[in-house]
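Input sequences plus hints: build the corresponding full structure.
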Amino acid sequence: MTNSWNSPDWCDLHQRRRIAGEILLRAIRRDPAIFRQIIRLHDERRAWRAFRALMQPWQRADFEALDPAWRRLAGQNVTVPFHRAYIERPRGHSKTSDMALQLAWILLYGRDNLSGLVAAADAEQAGLVREALRRLADGNAALFTELDFFSESVVNRVSRSRLKIISSDVSSSWGRLPDFVICDELCHWTKPELWESLLSSAAKKSDCLLAVLTNAGAGRDWHWRVRESARMSPRWYFSSLDGPQAPWISREVLEEQREMLPPPVFERLWLNRWQHSEGTFVTLAEAEACRDASLTPQTHGEPYRRYVAAVDYAEKRDLTVGVVLHREGDSFVVDRMDAVRPVPAQPTRVEWVDAWIEGIAARFHDVTFVLDPWQLVGTIQRYEGLYDLRRFDFGAGRGNHALALALRRTILHRQVRWFPGCGQLPDQSERDDLETELASLLLRQSTSGRCRIDHSTGGIHHDDRSFALGAALLHALSEGAAAEWMHIEHPGSLPG
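Those letters in the sequence shown? Residues 226 to 721, by our numbering.
No lab work stands behind these hints: they were computed from the structure.
Mixed in with the good hints there might be a few duds.
[To be verified] Derived DSS-like pairs (lysine-lysine); straight-line CA-CA distance at most 27 angstroms:
| hint | residue 1 | residue 2 |
| --- | --- | --- |
| 1 | K430 | K416 |
| 2 | K429 | K389 |
| 3 | K429 | K416 |
Below is the structure:
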């Protein structure tokens with residue numbers, strides 16, 4: 226055999242390879258399952274491996290249920306059992322990565338001028354689908370040459386098919402005529418308007434595919450009604466995993482999350498079990514266990530103590546709260562907590578905060594004040610030369626995350642004590658104090674894995690006393706030891 230490029234043997238081999246490549250390309254265009262067979266993804270060691278070696282049975286089942294709808298959008302004459310899908314998986318079970326595989330196939334091999342939407346509660350979550358597509362392109366460059374990536378879209382420059390990425394801007398979703406709609410992490414959407422607009426938009430085209438990706442939610446609000454309607458409807462494909470089944474999520478990660486999160490939150494996020502309520506931050510019994518009947522509100526400080534004071538300010542709707550505490554050994558004692566409620570015709574003025582700071586500084590002497598610069602920048606500028614003022618650093622959610630975990634940890638370990646009736650509103654005849662507020666709090670987890678405390682809507686519940694206490698505790702903890710900034714990462718290498 227000669228090595229000449231013009232030899233019959235070399236030309237024959239080249240011809241056979243070309244023909245084989247064309248046959249494979251036609252097969253990929255015809256069937257997204259074949260596309261998945263050749264795609265490479267990162268495994269848990271960040272090494273590139275064929276997806277077929279990583280795919281789990283529950284992933285294959287969801288793919289196969291939606292393949293006919295994607296093939297119809299590619300112009301194929303196939304029977305489509307479902308144009309709607311509700312896929313419910315625990316955190317870390319590749320919801321976003323799996324959908325990116327399906328979106329990649331339709332953008333590359335679908336009809337010309339297809340228009341799709343990916344919607345999420347916030348820009349961070351919405352951008353995860355684009356990033357998953359970008360990673361696919363990085364590992365499979367030869368297949369993705371036609372796709373261009375922009376900040377809010379992915380476009381096939383040849384077919385002119387487009388994937389638009391939107392978040393909670395409801396107005397941008399009305400009036401669209403999409404060919405496919407992906408609603409990512411629906412249970413994190415706070416309002417139903419975006420869902421309603423996308424559902425109605427999907428109904429405008431008979432072949433439009435609408436898919437919901439989410440983990441289990443909480444409560445019996447509109448999220449639950451959507452889930453149950455999908456579960457009961459013969460026109461919807463409904464899939465829900467019972468507990469963690471992904472081999473890339475280690476037992477150690479699950480145990481860490483179990484210890485860190487309240488049981489309802491852990492069960493919802495990691496066991497994929499719908500909760501009757503959104504998950505308490507702490508129980509009333511846990512909060513009441515920190516009450517010390519021997520303590521009373523203090524009007525003056527002791528000369529040898531150092532104090533930390535924090536303020537959470539709200540002008541119109543929420544409470545304004547000031548709290549003072551000090552360290553005693555490895556625990557903390559709340560010396561006083563003052564709260565004021567605004568009324569419709571009489572909002573809480575910043576002067577209340579100024580007077581409170583001046584009074585506490587005069588009576589407690591060695592005090593460090595912790596203030597939110599977004600709420601009280603004017604106060605900070607007035608007093609930063611007179612008193613020891615510290616700004617609470619949100620740090621793109623890191624401050625709220627650290628505050629929530631520090632507050633929960635000190636309560637559960639009984640490292641903080643307060644007097645009976647701490648935080649009780651003076652004009653409230655029913656019990657409404659720090660303990661009842663703590664028991665009503667929700668612990669929410671963002672798409673990035675960070676936690677924050679929150680309260681239920683409706684104007685009944687608040688989180689202001691808890692936030693002020695948490696800010697003071699966080700600063701006091703940081704003075705005694707290095708601050709512990711914990712961050713929950715997505716396990717494994719297949720996010721979603």
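Structure-based check of all given hints:
1. K430 - K416: Roughly 25 angstroms separates the two Cα atoms, so the pair holds.
2. K429 - K389: Between K429 and K389 the Cα gap is close to 18 angstroms, so the pair holds against 27 angstroms.
3. K429 - K416: Roughly 22 angstroms separates the two Cα atoms, so the pair holds.
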